[in-house]
Amino acid sequence: MTEYNFETEGVKKTITYLNRKAPYGTIYALEVLESVLISAAFEQHANIVFVDDGVFQIKKDQDTADLDMKCFLPTYGIIEMEKEDADEDEDMDMNWRIIVEKESMEARGLTTDDFKIEVEVLSSAELADVLDTSDAVIGG
Amino acid sequence: MLHTVNKSPFERNSLESCLRLAKKGSAILLLEDGVYAAINGTSVSDKVSGATKDNSVYVLGPDMKARGLGESQLIDGIKIVDYAGFVDLAADNDGVTPWL
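Residue numbers (my numbering), protein chains in the order written: chain G, 1 to 140; chain Y, 141 to 240.
Don't take each hint at face value.
Stated by the list, open to error - Below, a sample of chain G positions facing chain Y; criterion: calculated Cβ distance under 7 Å:
no. : residue
1   : Glu126
2   : Val130
3   : Ala136
4   : Val137
Hints in this document: simulated from the structure, not taken from any laboratory.
Remember, it's a predicted structure, so these values are computed and weren't measured experimentally.
Note that beta-carbon positions come from the ideal geometry of N, C-alpha and C, so glycine has one too.
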């Protein structure tokens, strides 16, 4: 019988959340967003990455009132706050990066001014390194 | 790192993004509708063939068979794996990046 160890105390991983889908059309974006919030609860390192249509998730001025759906743009604001708190609090060992792939952003006619939150813009090659050095990648 | 692609390259850009963002030397496994990227004579064959130079490219045999695709149609340099081979790839590589 294999013995499993579920002790998480002191375990620290770098998890990359790879957002590749636009919001609202499918459930992917919301599901990934909820996973990010869980990793905050466990104080894990996280790269929140927006690639392909995923860059539309953080487009500012989203208003879903007429769709009768929850607008989750404000939740990205919470993620940005979590990141800022972690950056400022020296006692907190949690490093978060919010990353947009330059190629995906430019292909969709967007600039960082179109985003609701502050992001780090990386080239494909730079992002490839981020993915490769992650302990786990959650796709969506 | 093992990258998995499970969508047809003719319907979505999952394969294209995978090839753009996978580091040289990574393993790439085509499965489910992703197996359509592994066959010769398509609009993406050249790109996939190019990827076999820098990466180890695998295709899941049972998913090919289910779709009527045989080894003779496979792009040179792509290796067929079964489910046990899939498990080995996941275990031997340092993490999995899924391209959905």
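A quick look at each hint next to the structure:
1. For G/Glu126, the interface hint is violated, since its Cβ never comes within 7 Å of a Cβ in chain Y; the closest pair sits about 10 Å apart.
2. Given hint, G/Val130 at the interface with chain Y, is violated; its Cβ is 9 Å from that chain's nearest Cβ, farther than 7 Å.
3. The beta carbon of G/Ala136 comes within 6 Å of a beta carbon in chain Y, closer than 7 Å, and the hint placing it at the interface holds.
4. Proximity of G/Val137 to chain Y holds as hinted, the smallest CB-CB distance being about 4 Å (cut-off 7 Å).
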